[in-house]
Amino acid sequence: MKKSVLFALTILFLYACGEEAEIILPQEEKLLEATLCNCLDTIAHVDRAKCDSLFPEPVGNEDKISRMEEAKSCGFDLVYELDTVLHLDSLPEPESIEEVLTMEVPDPLSEECQKFLEDFASAIKRYTKTVNAAAANPDDFKMIIKLNEERSEFSEWPSKPQMFSCSENESFKHKVEKLTEQADELLSS
16 MKKSVLFALT
26 ILFLYACGEE
36 AEIILPQEEK
46 LLEATLCNCL
56 DTIAHVDRAK
66 CDSLFPEPVG
76 NEDKISRMEE
86 AKSCGFDLVY
96 ELDTVLHLDS
106 LPEPESIEEV
116 LTMEVPDPLS
126 EECQKFLEDF
136 ASAIKRYTKT
146 VNAAAANPDD
156 FKMIIKLNEE
166 RSEFSEWPSK
176 PQMFSCSENE
186 SFKHKVEKLT
196 EQADELLSS
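Residue numbers for the sequence shown follow my numbering, beginning at 16 and rising by one.
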């Protein structure tokens, strides 16, 4: 009896295995449209070669900043290291204090740093004006006192806190250097 039960089970097993099985073929995943957001998503199923051709790596700071803003709108945090010193050397020499303040620089400046530069430029202009007035009237005692006060105030600028907090920015240092050169030029004339 045991043999017949075992035989019947074996037949049932073979019969069950002999039925046609449904073969499931893997379907090809559809590629998503190559948009900037899809191309920035590292797990999105997109044509990476097409992404590279449509959205190449940004080269200049302007392009990098633009790409970082676009990535934010897509919900991604993307950070590029901005170019600094290499491009500062290629900037044209400013001919006035106003040109220094308005020159385009690779690294964007914070509001605080830009305000500091504007105040420093104003101090240079005031000091230069006082020096020139004192030179024109060397016997004017009031002008000599004003000159000493202006000189004292002007000498404090390099030690102001903003000078240290903003000096990590290469563009800021470049502008301070150019403002100082302008001051030297104005005082020597």
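Please keep in mind that the hints were generated in silico from the structure rather than gathered at the bench.
Just so you know, these numbers come straight off a predicted model, no measurement behind them.
From the three backbone atoms N, C-alpha and C, an ideal C-beta is built for every residue, glycine too.
Take the hints with a grain of salt, since some may be wrong.
Claimed, not checked - List time: in silico PhoX-like cross-link candidates among lysine-lysine, alpha-carbon distance up to 20 Å:
#1 Lys157 <-> Lys144
#2 Lys157 <-> Lys175
#3 Lys130 <-> Lys140
#4 Lys140 <-> Lys65
Claimed, not checked - Derived DEER-like restraints, expressed as beta-carbon distance ranges:
#5 Val94 <-> Glu126: 18 to 28 Å
#6 Met178 <-> Leu69: 40 to 50 Å
#7 Glu192 <-> Glu168: 17 to 27 Å
#8 Ser111 <-> Ile58: 49 to 59 Å
#9 Pro153 <-> Tyr95: 19 to 29 Å
#10 Asp56 <-> Ser137: 11 to 21 Å
#11 Ser111 <-> Ile159: 36 to 46 Å
#12 Met178 <-> Val61: 40 to 50 Å
Unsatisfied constraints (hint numbers, rising) = Per hint list: 2, 4, 9, 10 and 11 violated.
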